[in-house]
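2 protein chains.
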Amino acid sequence: MDPIRRCVQALSRLPGIGEKTAWRLTWWLLRADDSIVTEIAAAVGGLQGSVMECERCCTIATTSPCKTCSDTRRDPSIVCVVERPQDIQAIEGSGEYRGFFHVLHGSISPLDGIGPDQLRIRPLLANLDGVKEVIVATDPDVEGDATALYLHRVLKPLGIQVSRLAYGVSVGTEIEYADKVSLMRALENRRLL
Amino acid sequence: MDPIRRCVQALSRLPGIGEKTAWRLTWWLLRADDSIVTEIAAAVGGLQGSVMECERCCTIATTSPCKTCSDTRRDPSIVCVVERPQDIQAIEGSGEYRGFFHVLHGSISPLDGIGPDQLRIRPLLANLDGVKEVIVATDPDVEGDATALYLHRVLKPLGIQVSRLAYGVSVGTEIEYADKVSLMRALENRRLL
Chain A
0 MDPIRRCVQA LSRLPGIGEK TAWRLTWWLL RADDSIVTEI AAAVGGLQGS VMECERCCTI
60 ATTSPCKTCS DTRRDPSIVC VVERPQDIQA IEGSGEYRGF FHVLHGSISP LDGIGPDQLR
120 IRPLLANLDG VKEVIVATDP DVEGDATALY LHRVLKPLGI QVSRLAYGVS VGTEIEYADK
180 VSLMRALENR RLL
Chain B
0 MDPIRRCVQA LSRLPGIGEK TAWRLTWWLL RADDSIVTEI AAAVGGLQGS VMECERCCTI
60 ATTSPCKTCS DTRRDPSIVC VVERPQDIQA IEGSGEYRGF FHVLHGSISP LDGIGPDQLR
120 IRPLLANLDG VKEVIVATDP DVEGDATALY LHRVLKPLGI QVSRLAYGVS VGTEIEYADK
180 VSLMRALENR RLL
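So the protein lines, in turn, are chains A and B.
Numbered per numbering that gives the first Met the number 0, the first sequence spans residues 0 to 192.
Numbered per numbering that gives the first Met the number 0, the second sequence spans residues 0 to 192.
Calculated from the structure, these hints are not laboratory results.
Treat the hints with caution; some may be incorrect.
[As the list claims (entries may be wrong)] Okay, derived cross-link-like pairs now, EDC-like style, lysine to aspartate or glutamate, Cα gap no bigger than 20 Å in a straight line:
no.	chain 1	residue 1	chain 2	residue 2
1	A	K66	B	D1
2	B	K19	A	D1
3	A	K19	B	D178
4	A	K19	B	E91
5	B	K179	A	E91
6	B	K66	A	D1
7	A	K179	B	D1
8	B	K179	A	E18
[Stated by the list, open to error] Residues of chain B clear of chain A, computed beta-carbon distances all greater than 12 Å:
no.	residue
9	P2
10	G15
11	R55
12	T62
13	T71
14	Q85
15	E95
16	H104
17	G112
18	P122
19	A165
[To be verified] Which residues of chain B face chain A? A partial, calculated answer using Cβ under 7 Å:
no.	residue
20	D1
21	R5
22	A9
23	P14
24	W26
25	W27
26	L29
27	S34
28	E38
29	Q47
30	M51
31	Y149
32	V153
Using N, Cα and C, we set each Cβ at its ideal position, and we do this for glycine too.
Construct the complete structure from the given sequences, taking the supplied hints into account.
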């Protein structure tokens, strides 16, 4: 195929990038320095084979255990459970949290056939030594609520406090895109389940 | 560098893609099939060395002369002058035009130090055999107007009719993004300069 059309077609596969934007990006690339084009191609290609799931927190990282799980200055008595790896960044950015994380890779959604077994809940249960509190930082939607309730039901009998981010995060926003201040409030005001 | 951050940094260089979007794309790529990631990397990398400027119309293409310039069914008496290669697609998309094209790679803008010599005007003047009309399809802005007037001044003495796209294209819109119907009107109602 014509390399220009091939590039447009490939870029159109990215989320939120339609054909018009793909053309715009392609024309930009055609006029850009060779070094920039090489770097973008190499950087995208470089993602392959270089990332893995952390054996401990299940995030996507370049090492296993990941950098966060290897950080001995963190408080081992507290684990923050999130839906997606990118939610970790958002919560770290609030500067308010110094515990560990666990990534579920989704939330409970019976309509989509996603129950607890489809999420990384078993690895969470296998890593609870010394954990006193689990903060559930799932999205403020039905699936996030269902997931929080499920974790509460499972963890409470083990003597672990389960709290949830306070709704300082505006309803309808995904954790990943929440602003830092709202996230700070939400961490401060987390409530026991 | 960490391959994840490297990818975010590389994608952030694309126009209209900030750090947040670059992270979103990178997380998507991390979860995508290897084949998709390979294809995107290869398609971007494949742009290099495979494109050139057409010796005739100065567009960016994979052959020289380009496909359009090699199309013998086109009317050789008429040339449509555009600012950018992507404008050709937009005008072709109107289905109204069957002549040849010429790409200036910009428009006259004294404030930016861009005069006629910085544009591909000389190759245009060298390819006027049998040309009876030049349609100037520059953007409807000050620079586009200045370019049209300049071409009129240069081409009129050679006995070539110079016309300009009618302002069916709404002022403030760039040719590249105009809708097909407006472009059709603009071609129909082009006016002699």
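Structure-based check of all given hints:
1. The straight-line distance between the Cα atoms of A/K66 and B/D1 is roughly 11 Å, inside the 20 Å bound, and the hint therefore holds.
2. Straight-line distance between C-alpha atoms of B/K19 and A/D1 comes to about 31 Å, which puts the hinted pair past the 20 Å bound.
3. The hinted pair formed by A/K19 and B/D178 meets the criterion: a straight-line CA distance of about 12 Å does not exceed 20 Å.
4. Restraint check for A/K19 and B/E91: satisfied, since their Cα atoms lie roughly 15 Å apart, inside the 20 Å limit.
5. Between B/K179 and A/E91 the alpha-carbon distance is near 48 Å, which puts this suggested pair outside the 20 Å criterion.
6. Under the criterion of a C-alpha separation no larger than 20 Å, the hint pairing B/K66 with A/D1 is consistent with the structure, at around 11 Å.
7. Distance check on the hinted pair: A/K179 and B/D1 sit about 24 Å apart at the alpha-carbon level, beyond 20 Å; violated.
8. For the proposed pair B/K179 and A/E18, the alpha carbon gap of about 16 Å is at most 20 Å, so the pair holds.
9. A Cβ of chain A approaches the Cβ of B/P2 within 12 Å, the least distance being about 4 Å, so the stated non-interface status is violated.
10. The non-interface label for B/G15 is inconsistent with chain A: the shortest C-beta to C-beta separation is roughly 7 Å, within 12 Å.
11. For B/R55, the condition that its CB be more than 12 Å from all CB atoms of chain A holds, with the nearest at approximately 18 Å.
12. Listed as a non-interface residue, B/T62 fails to keep its Cβ farther than 12 Å from every Cβ of chain A; the least gap is roughly 9 Å.
13. Look at B/T71: its CB is around 20 Å from the nearest CB on chain A, clear of 12 Å, so calling it non-interface holds up.
14. The Cβ of B/Q85 does not lie farther than 12 Å from every Cβ of chain A; its closest approach is about 5 Å, which violates its non-interface assignment.
15. With 12 Å as the threshold on Cβ separation, the claim that B/E95 sits away from chain A holds: the shortest Cβ distance comes to roughly 20 Å.
16. Look at B/H104: its CB is around 9 Å from the nearest CB on chain A, not clear of 12 Å, so calling it non-interface is violated.
17. Taking the minimum C-beta to C-beta distance to chain A, about 18 Å, the non-interface status of B/G112 holds against the 12 Å cut.
18. Separation of B/P122 from chain A is adequate, the least Cβ-Cβ distance of about 18 Å exceeding the 12 Å criterion.
19. Non-interface status of B/A165 relative to chain A is upheld: no Cβ of that chain comes within 12 Å, the nearest being about 24 Å off.
20. Interface hint at B/D1: satisfied, since its Cβ lies 6 Å from the closest Cβ of chain A, which is below the 7 Å cut-off.
21. For B/R5, the suggested interface contact is upheld, since its CB lies about 5 Å from the closest CB of chain A, less than 7 Å.
22. For B/A9, the interface hint holds, since its Cβ comes within 7 Å of a Cβ in chain A; the closest pair sits about 4 Å apart.
23. The closest approach between the C-beta of B/P14 and any C-beta of chain A is roughly 5 Å, which is under the 7 Å cut-off, so the hint is satisfied.
24. With a cut of 7 Å, the hint placing B/W26 at the interface with chain A holds, because the nearest CB-to-CB distance is about 5 Å.
25. A distance limit of 7 Å between C-beta atoms decides the matter here; for B/W27 the minimum to chain A is near 5 Å, and the interface restraint holds.
26. Hint status for B/L29 relative to chain A: holds, with the closest Cβ pair at about 5 Å, below 7 Å.
27. The interface hint given for B/S34 is broken, as the beta carbon of that residue sits about 10 Å from the closest beta carbon of chain A, more than 7 Å.
28. Because the smallest distance between the Cβ of B/E38 and any Cβ of chain A comes to about 5 Å, under 7 Å, the interface hint for this residue holds.
29. For the restraint placing B/Q47 at the interface with chain A, the shortest Cβ-Cβ distance is roughly 5 Å, inside the 7 Å limit, so the hint holds.
30. Restraint check, B/M51 versus chain A: the minimum CB separation of about 10 Å is more than 7 Å; hint violated.
31. Because the closest C-beta pair between B/Y149 and chain A is about 23 Å apart, greater than 7 Å, the hint is violated.
32. Restraint check, B/V153 versus chain A: the minimum CB separation of about 26 Å is more than 7 Å; hint violated.
Violated hints, in rising order: 2, 5, 7, 9, 10, 12, 14, 16, 27, 30, 31, 32; the structure is consistent with all others.
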